[in-house]
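There are 2 protein chains.
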Amino acid sequence: MKHLSAITISIGDELLSGKTLDSNNAFISQQLDMIGIPVIKKIIIGDIAQDIKDSLDWAFAQTDVVTLTGGLGPTHDDITKSVLCDYFDVGLKLYPDILEALKERFARRGFKFSESNASQAEYPQNAVLLENPLGTAQGMYIKNKGKHLFVMAGVPREMEIVTTEQIIPILSKLTSASISKVDIHSIGIPESTLYELSKPILDEYSDLKIAYLPKQGMVTIRVSFPSKSMDEDQKVKDEIFGRIRDLKPKNIYGRDDEVLPILIGKLLKRNQATVVTAESCTGGLVASLITDISGSSEYFQTGYVTYANETKISMLGVQEQTLVDHGAVSEETVSEMLSGSLSKSGADYAVAISGVAGPTGGTEEKPVGTVYIGVSDTRHQNIKRFQFGNNRILNKEMSAFSALNLLRLLIQEGNQ
Amino acid sequence: MKHLSAITISIGDELLSGKTLDSNNAFISQQLDMIGIPVIKKIIIGDIAQDIKDSLDWAFAQTDVVTLTGGLGPTHDDITKSVLCDYFDVGLKLYPDILEALKERFARRGFKFSESNASQAEYPQNAVLLENPLGTAQGMYIKNKGKHLFVMAGVPREMEIVTTEQIIPILSKLTSASISKVDIHSIGIPESTLYELSKPILDEYSDLKIAYLPKQGMVTIRVSFPSKSMDEDQKVKDEIFGRIRDLKPKNIYGRDDEVLPILIGKLLKRNQATVVTAESCTGGLVASLITDISGSSEYFQTGYVTYANETKISMLGVQEQTLVDHGAVSEETVSEMLSGSLSKSGADYAVAISGVAGPTGGTEEKPVGTVYIGVSDTRHQNIKRFQFGNNRILNKEMSAFSALNLLRLLIQEGNQ
Chain A
20 MKHLSAITIS IGDELLSGKT LDSNNAFISQ QLDMIGIPVI KKIIIGDIAQ
70 DIKDSLDWAF AQTDVVTLTG GLGPTHDDIT KSVLCDYFDV GLKLYPDILE
120 ALKERFARRG FKFSESNASQ AEYPQNAVLL ENPLGTAQGM YIKNKGKHLF
170 VMAGVPREME IVTTEQIIPI LSKLTSASIS KVDIHSIGIP ESTLYELSKP
220 ILDEYSDLKI AYLPKQGMVT IRVSFPSKSM DEDQKVKDEI FGRIRDLKPK
270 NIYGRDDEVL PILIGKLLKR NQATVVTAES CTGGLVASLI TDISGSSEYF
320 QTGYVTYANE TKISMLGVQE QTLVDHGAVS EETVSEMLSG SLSKSGADYA
370 VAISGVAGPT GGTEEKPVGT VYIGVSDTRH QNIKRFQFGN NRILNKEMSA
420 FSALNLLRLL IQEGNQ
Chain B
20 MKHLSAITIS IGDELLSGKT LDSNNAFISQ QLDMIGIPVI KKIIIGDIAQ
70 DIKDSLDWAF AQTDVVTLTG GLGPTHDDIT KSVLCDYFDV GLKLYPDILE
120 ALKERFARRG FKFSESNASQ AEYPQNAVLL ENPLGTAQGM YIKNKGKHLF
170 VMAGVPREME IVTTEQIIPI LSKLTSASIS KVDIHSIGIP ESTLYELSKP
220 ILDEYSDLKI AYLPKQGMVT IRVSFPSKSM DEDQKVKDEI FGRIRDLKPK
270 NIYGRDDEVL PILIGKLLKR NQATVVTAES CTGGLVASLI TDISGSSEYF
320 QTGYVTYANE TKISMLGVQE QTLVDHGAVS EETVSEMLSG SLSKSGADYA
370 VAISGVAGPT GGTEEKPVGT VYIGVSDTRH QNIKRFQFGN NRILNKEMSA
420 FSALNLLRLL IQEGNQ
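Protein chains in written order, with the working numbering: chain A, 20 to 435; chain B, 20 to 435.
None of these hints come from the bench; they were simulated from the model. Just so you know, nobody snuck in bad clues.
Pairs involving identical chains hold if they fit within one copy or between any two copies, as the list cannot separate such chains.
Distance condition first, Cα-Cα at most 20 Å in a straight line; then the derived EDC-like pairs of lysine to aspartate or glutamate:
hint	residue 1	residue 2
1	256	33
2	122	210
3	288	277
4	218	33
5	363	339
6	228	32
So that you can see chain A by itself, here it is in the shape it has in the complex:
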């Protein structure tokens, strides 16, 4: 058992040309960091055999763990496997079960199976395969002279699952530095404010590593520390999460995998309740986020996307006079969207959103980014006005997640 460090190598012309951001290496870095293996250098290279070999030499000379992503696939620019055979002076080995599975997969989808696909069942002889349940290119683990090489496809989803399910467990056993971590999720607090609020608490603990991770307008605080025992770690994580959450319980909503769509699902299931959505500017995004969760049909049956005023009237029974007097983007309209969607669907909770997503359509009174978000049960409505920015997609996302957070608060308050 010793302290390890890592170098990541990414292969791909699209990364070099800057058309694609290298989010893979950021993900790998974060994962390795969590188990106490710092990434000391990263390199990005093209689909060039000599460059791949040089990079492997260069990386192995400096560190024990090397990851290599990209360049695994059926097309000509995917040369990683042949380079590895050459580099380690081994041949390819055919995996008949993988070949069968590939053929079945193609048949099921009605595609012709071609020769170039068969190569997806061949891997260097010295590689242990790492299962990739989401694609045809399996990951590889090659041990060589005390060094550890992990090779993965560059498709983010596939790289992520191979990293978390296969590579991290292998490396965890090799490293002595075990790290415990808790992710604390917040919405509606600027990163700098969250930093200033949480700093005095986090400063009380020694040995904490803190990162503020912004995503889709929300910020997650990642707290990690050297592991002692499962029980002790859990106590520290519970305590830190509890104290941070209590700073802003309306905004700091969950930890680890409790992201909003999952949290909403848990709360609704526990209450055997259902939710209906009535969306204008978010255009179906709230419904889509809710239904991203397996099992959501238990608590979600109906969603209205009422983008036009006429649809708000015909589908939800919003009064024409309300739209004339207050406009579609107003507390009054959202209030009628809530009551209309509840009564028409028979759901227990409703979410309704109307706003100016932008980049055009703003007025002095209601500039781009103005969004009214309401939640309701059969007795209470809670409608808030939000002011987001000028980016349409970000406004949709912020509106949708803010709506889910208001829904969470309404359900949790009802439970008290």
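Dock chain B against chain A, hints included.
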């Protein structure tokens, strides 16, 4: 004048730990690519003097142009300038006018001017300064033995303005090459099949660089080549796109910024037509994709998310008997969802989707990933059965984009 290539070096622990995505290098790559200077390797290192020097040696040994970002600023971990002095064996030179400007800047904002700030007015003697109008750390251009080194602060907007206003004009004068590029978008063709189909055509052209970029189950072919003149380049791009598209016009749908939600919007606007969505397993994702586009309210008014059977009956008028006889995931149900949504909304086109998103809920006859997708105008319906995989989110995405592609085909056929 000669063909140049570049290597980018980024300094920063936050890039290594994966907390920050390296968007700077992507920007620099794009800018250099446009003037025909490909970035051949990128490296990311920490704030360590020896690593910076090693990287400079390594980069100059392989290429003519090197950019170095990060590590310029007043804090203790910003060591770039002292490393450069050491590396080139030169001293620091004080720029009195920059010192004056710095002091004024601090006074204007009401901050105290400290010693650590004064170092911002000192630069290595062999550097030509590159004006940074947005911050206190100026860019640097160091010519050394026929090689070109550009050094910038890591703050993205400062790096961007120094790159576009200073570095690109300098390098444009040194290089003779320029690159032209076309992205060709496809859906529903495996990467390997697309490769085999397009290869004979692409092989006819000399000097093409080809990359296959998979994303959300779709594949984009990126074709680039050395630029001759705007007119000639355009002709080549039109020809290649046309020939590739004609291989599979149902699957190869657009080029460059013509992704499906944008393409659908263009077609509907041109026809002054509207579309309604009736979604089961995609849960609002089609509506959300359509409304990601600014101006979509012109052609999208109404979306139904009918997740439960009862909602399919009450909102869309699907017959209970149809659901009993054929199930919710069936051609018959999707057909009634199409006709119901068209007649209830008064739209010109309808999209309807019902499937088993998974990971549970599959049967032998309709395994996870079975999705019926239909499109319709007031005269014709086109309903297809698709078989996707086991990943819920990917199934939603593939279903939604496949639906948009079928809608595109229906509108285009109607126009013929």
